[in-house]
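Asker: Following the hints, position chain B against chain A.
Going down the list, the sequences are from chains A and B.
If you read the first sequence in numbering that gives the first Met the number 0, its first letter stands for residue 0, the second for the next number, and so on.
If you read the second sequence in numbering that gives the first Met the number 0, its first letter stands for residue 0, the second for the next number, and so on.
Keep in mind the hints are simulated off the structure, nothing from the lab.
Errors might be hidden in some of the hints.
To give an idea of the interface, some chain A residues facing chain B are shown, with a C-beta separation under 7 angstroms as derived from the structure [stated by the list, open to error]:
#1 A47
#2 S106
#3 T157
#4 Q295
Residues from chain A shown here face chain B by an in silico Cβ test under 7 angstroms; the list is partial [to be verified]:
#5 Y17
#6 A44
#7 L83
#8 R85
#9 L102
#10 D156
#11 V159
#12 R167
#13 R296
It should be emphasised that the depicted structure is a prediction, and the values quoted were computed from it without experimental measurement.
For every residue, glycine included, the Cβ atom is placed at its ideal position computed from N, Cα and C.
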Amino acid sequence: MARSDGAVVPNAEFSSYYGRPIIKLPVWKQPDVPLYLWLGGIAGASAALAEGAALSDRPALERVARLAAAGGSGVGALVLVHDLGRPERFLNMLRVFKVTSPLSVGSWLLAGFSSAASVAAASHETGRLHPVGRLAGVTAAVLGPPLATYTAALLADTAVPAWHEAYRELPFLFAGSASAAAGGLAMLAVPTGEAAPARRLAVAGVALDLAAEHQLEHRLGMLAEPYQQDRPGRFLRAARVLNLAGALGAVVGGRSRAVSALSGTALLGASLLTRFAVFQAGLASAKDPKYTVVPQRERLNARGEPAAPAA
Amino acid sequence: MSNRLSGPLDDVSGDAGYEAHPERMGFFTDTSVCIGCKACEVACKEWNFVPEDGLLLTGMSYDNTQQLDANSWRHVAFVEQTKPVRAPSIDLPMPTVGLPAAADPQGADEGDIGVRWLMSSDVCKHCTHAACLDVCPTGSLFRTEFGTVVVQQDICNGCGYCVPACPYGVIDQRKEDGRAFKCTMCYDRLGVGEEPACAKACPTDSIQFGPLDELRERAEERVRTLHEHGIDEARLYGESPDDGVGGDGAFFLLLDEPEVYGLPPDPVVTTRDLPAMWRHVGAAAVTIVAGIAVTFVGGRR
Chain A
0 MARSDGAVVP NAEFSSYYGR PIIKLPVWKQ PDVPLYLWLG GIAGASAALA EGAALSDRPA
60 LERVARLAAA GGSGVGALVL VHDLGRPERF LNMLRVFKVT SPLSVGSWLL AGFSSAASVA
120 AASHETGRLH PVGRLAGVTA AVLGPPLATY TAALLADTAV PAWHEAYREL PFLFAGSASA
180 AAGGLAMLAV PTGEAAPARR LAVAGVALDL AAEHQLEHRL GMLAEPYQQD RPGRFLRAAR
240 VLNLAGALGA VVGGRSRAVS ALSGTALLGA SLLTRFAVFQ AGLASAKDPK YTVVPQRERL
300 NARGEPAAPA A
Chain B
0 MSNRLSGPLD DVSGDAGYEA HPERMGFFTD TSVCIGCKAC EVACKEWNFV PEDGLLLTGM
60 SYDNTQQLDA NSWRHVAFVE QTKPVRAPSI DLPMPTVGLP AAADPQGADE GDIGVRWLMS
120 SDVCKHCTHA ACLDVCPTGS LFRTEFGTVV VQQDICNGCG YCVPACPYGV IDQRKEDGRA
180 FKCTMCYDRL GVGEEPACAK ACPTDSIQFG PLDELRERAE ERVRTLHEHG IDEARLYGES
240 PDDGVGGDGA FFLLLDEPEV YGLPPDPVVT TRDLPAMWRH VGAAAVTIVA GIAVTFVGGR
300 R
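So here's chain B without its partners, still in its complex pose:
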């Protein structure tokens, strides 16, 4: 029973009861090469028949999707930062805007104040210890043989408990439908050996799909490379099995603090504390019984 509610867990599918099962599959989203094209969002909607959820201009950078929810299973965040420009150590021959500068092909000198763009395609984390799954009272949310977390739409009764349980704010209720929806990591495609639609569509390989162990090695290598090139702020998010959710099945390489991207800096699966909660609930119930017993025994009238 150790580490059933929190902590590192080597075999999530085995823990869920699968005897023979494939490797745990996952996403590694390398935001350092994301160009914000939103092909992932479109591919996801197309493949999974996810309904349109409002065509509006938010004025919030180039982000009109705003968040992950029942009708957005991939969400590309656009962060605009005013930062001192660093002379690029990797010269990507990208087209530039504005007057060409003689000294620098990117049109900026070191020390100039410029805008830095951070783009990141967010998705369900498919946690090792998934709060949504733990709290689901109907058994609608389940762990697949690939170690991912999926909602069975024919079971969900729309109780909504998974929604505030998720420490990342991923799963949500579809208002007009009543049930909860989120990324399935394209469970249907995985079943026939295909990669998820978003990873397939990503033109820069920012979204990488594969066995989680392999992805973690690849990500470490990528961080090392970026650090060697002086990009010290590169860090992995959600890759560690020692974190509050036992590690994410979908983890990220970020270029700033997680909260800048709308991610919680130190998420913890709420059910980690559930044994202590039940003890307090039990003690409080006993207090009621004791109190009522005393009200009848104490005093004569």
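Just chain A, same shape as in the assembly:
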């Protein structure tokens, strides 16, 4: 039996079995899964942005957003299939529908979304089957926002302490990150004259992202550590700088093509770093048994079931 050396958190003296993790580390691969979180977010928010652009007659914005929705979800689906232990069995994902499994719900969402977004983008590009394309576009716009946020439940619905305990904040963090990235992509690729909604979306997304992250780090107690330390901590700090720079560029530099493009790129990078940071913070919390044992022990103590007297 090993005792914690308590180097990081002074009051976290706890028992473990030779310091081994209690839960299993997620076997999801990098960069596959964090990349999918990023792509799915961009695609989902872009689909809603595309409908706004269509309704307000901004063809250049609509075009970029539709291509982002179709491309992001298509590549995202490929990345997810690649992550499977048996990729040739990916169709088994659509064998059942289970509301208890965020991965099942997400597979159906992704299948429906990427089909609709592809039809909408193809129709817009070719100018053919306009009514079908619009119907597909509206479908994608309805499925897009949940596609961007369900991934929070995907991570939170596990025994991984830093993910599970963050289930209230992660959906809003992902919503903000997705909005900022979708806005950023449009700022990068759309002439400034049509990109005003994208700039406003980017600023709102950054605000939501930073607020959710702040709330997460303050509510989680010791489980915020994995988000603050080591690589995830460095990634999140860098993401914060890029987010603020991107938002500032969107506010003051919206008329300049160069500033818009630079700001959009910063926002895309911030979102990507955020997804990797959240993913890796979960891994870190799974690896160290203290994050599993100490909160559970505190829960028992709070219920008045203190540790039995040692032998």
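Answerer: Using the frame of chain A, we list chain B on its own:
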């Protein structure tokens, strides 16, 4: 729909859709009589054709198996503790090492500092509310008529979701195969009225198999007996239907805190909070829609 995700559930097989089904079967692992022989590990591997997963010496006590995983469905933990020796109240005529002592057949006096061995054969808990089963997107993991939880290997596509979902860290992906594997409680043997291979092989009856209700009564009795003999630290783990997973189909009698054996002290099935997670996901999605609507309506350009 009450208690479908957490809380006590009397009829797990009925809840899973079986109309007529046998009693819920389970394991009671009484670690107070485990001698660490690892016959359970070997019997399990032999019966279930579980591949070898590395022949190495870890230097971690006598434990070279290290953990439950895709290729170890029973795992005997060896805990070495430095503890004041207690004069044994039950004199087991066991062979001893070292010089014979006149006063005590075990060769130690009360108050001496000695090493205490804890040995425990860990296994899949076959939870009442099994997170692995809840989160499986393909329906590969299912509840059997015996109330146990089993992976259908012809369905599993190796998505890996069950792996971090398990609060006990039991199920794992077999790297070279890609699919997830864990204890089946010898589903094939149960089907023909046989007990699982590990229980059959256990020479001290540390691993007991039977109807879960009977095992729970037997375990209460065993704890009472141990407490009467002054072994106050004996406690049951995973037997209560009121715990965070609705009670384990495989529960334990332990002689120290669960975390000492590598078990979580207060495991909770993650899907208990899933309704709240979906509400937050929905609210966040609505926030995106509202935000995008405002970006087009607000401001004219």
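Asker: Compare the structure with the hints numbered earlier in the document and write down the numbers of the violated ones, lowest to highest.
Answerer: none
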